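Protein sequence lines, in the order shown, are assigned to chains L and U. Residue numbering for the first sequence is 1 to 343, as defined by UniProt numbering. Residue numbering for the second sequence is 1 to 68, as defined by UniProt numbering.
To be clear, the hints were calculated from the coordinates, so they are not data collected in a lab. Watch out, some of these pointers could steer you wrong.
Claimed, not checked - Straight-line alpha carbon distances no greater than 16 Å define the calculated EDC-like cross-link-like pairs of lysine to aspartate or glutamate that follow:
hint	chain 1	residue 1	chain 2	residue 2
1	U	Lys13	L	Asp286
2	U	Lys66	L	Asp108
3	U	Lys66	L	Asp107
4	U	Lys66	L	Asp112
5	L	Lys166	L	Glu12
6	L	Lys149	L	Asp192
7	L	Lys166	L	Glu294
8	L	Lys149	L	Asp200
9	U	Lys66	L	Asp192
10	U	Lys66	L	Asp119
11	L	Lys149	L	Asp183
12	U	Lys13	U	Glu23
The structure displayed is predicted, hence computed values, not measured ones.
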Amino acid sequence: MAHDAPGAHDGEGPRLPSARGPVSASVAEYLRGTGAPPGSQDVAGAPVYGDDLQLALYLCYELHYRGFAGVPEALEWDPDLLRVRAALEHRFLTALRADVPVHDSVDDALADLLVEPVDGTGVSHHLSAEGELWQVREYAAQRSLYHLKEADPHAWVLPRLWGRAKSGMAAVEFDEYGGGRTDRIHARLFADLMADLGLDTTYGHYLDEGAAEALATVNLMSLLGLHRALRGALVGHFAAVEITSSPASRRLAEAMRRTGAGPAAEHFYDEHVEADAVHEQVVRHDVIGGLLAEEPHLAPDVAFGIDVTGYLEDRFADRLLGAWRAGRTSLHTPPRSEIPLSS
Amino acid sequence: MPKSPSDEPRRIKVQRQGPVLVEGPVEVELEDGTIVVSDRFRVALCTCRRSRRYPWCDTSHRDRTKDR
Numbered sequence: 001m002a003h004d005a006p007g008a009h010d011g012e013g014p015r016l017p018s019a020r021g022p023v024s025a026s027v028a029e030y031l032r033g034t035g036a037p038p039g040s041q042d043v044a045g046a047p048v049y050g051d052d053l054q055l056a057l058y059l060c061y062e063l064h065y066r067g068f069a070g071v072p073e074a075l076e077w078d079p080d081l082l083r084v085r086a087a088l089e090h091r092f093l094t095a096l097r098a099d100v101p102v103h104d105s106v107d108d109a110l111a112d113l114l115v116e117p118v119d120g121t122g123v124s125h126h127l128s129a130e131g132e133l134w135q136v137r138e139y140a141a142q143r144s145l146y147h148l149k150e151a152d153p154h155a156w157v158l159p160r161l162w163g164r165a166k167s168g169m170a171a172v173e174f175d176e177y178g179g180g181r182t183d184r185i186h187a188r189l190f191a192d193l194m195a196d197l198g199l200d201t202t203y204g205h206y207l208d209e210g211a212a213e214a215l216a217t218v219n220l221m222s223l224l225g226l227h228r229a230l231r232g233a234l235v236g237h238f239a240a241v242e243i244t245s246s247p248a249s250r251r252l253a254e255a256m257r258r259t260g261a262g263p264a265a266e267h268f269y270d271e272h273v274e275a276d277a278v279h280e281q282v283v284r285h286d287v288i289g290g291l292l293a294e295e296p297h298l299a300p301d302v303a304f305g306i307d308v309t310g311y312l313e314d315r316f317a318d319r320l321l322g323a324w325r326a327g328r329t330s331l332h333t334p335p336r337s338e339i340p341l342s343s
Numbered sequence: 001m002p003k004s005p006s007d008e009p010r011r012i013k014v015q016r017q018g019p020v021l022v023e024g025p026v027e028v029e030l031e032d033g034t035i036v037v038s039d040r041f042r043v044a045l046c047t048c049r050r051s052r053r054y055p056w057c058d059t060s061h062r063d064r065t066k067d068r
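One chain only, chain L, in its complex shape:
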């Protein structure tokens, strides 16, 4: 299989992507050892949901997963880089807290997710009804930034949970990691889907193509996973992903069948229809229920985690559908003027 080919296990990590502005350029140069980290004025001036800030934050976070080729592993805990990461996180989280309308209660937030309208208009609806193969490939390439590390950002919450919440979360994660079977690890099933679509299955390969809106969805998981203080939001986020996944996966499986993507591509989403119908139940009853029984004061954060996930997913959907309706690519393509002008 393609991801078993030499080099596909990317022991050295993916190569650093191209910068998208002064902040991401400085972070990349600092990682290479050729420059200073970005200054606070650059961090303060970058649009918070834009390419430059989201890529810079993504670069900081990736050191906690697999790092980058040629970047020393020790930089994961470099105080100067952590200071930059904290400044970027502060801007991101402050914007989300201000911009995302949050339900008054966890039950209300969940109730809205548990309605499955007949006339939905999201990306999975579009792809199942009329998606073209090139759109399916663009979707998979950008989703690979998460799916090739599927469940990893959520594993960080395990030491921060107790009792029922911990055992429920661990059981779902075990399922995500293939239930002890290497060939069933969901990240591996996604690599098989990518191979069916003729995409490169190497971890991190499509970072340059990821739209800012795609990077933001992954940055959210890393943000919530890496901070114990945000464990309530992480649990809410995970619940939102699991609850919305099953019906969306059914539509995406239809899209794979209709576009002739291939058997592994169909299998990835078929597996998620069934798996996530179970995960949803465990996450709602045991993980959220268990967490709030222990720590009821986290309820507003759980609701925030649910709603912020929908907010960033909607932004990504708007990016995809807006581009496709106009007949354009949804991928990040650097405009000529985007070459960083900083010294």
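For this one, chain L is given, so just place chain U on it according to the hints.
Relative to the frame of chain L, chain U by itself:
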């Protein structure tokens, strides 16, 4: 001697709306005698009969509109 897990009654969780939850693995015998197997740690069995992956839940029981 501790009891082996097979001596313990298997707990099944039922709810007003949604699937029956059973500890896996399970074998399910369908009406026509077919046996289907799931080795998931927990298995969600469809009770609304709307699932397209019957007997497994595929969340088809969900409401289509907010007001019930």
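Problem - Hints the structure fails to honour - result: Numbers 5, 9, in rising order.
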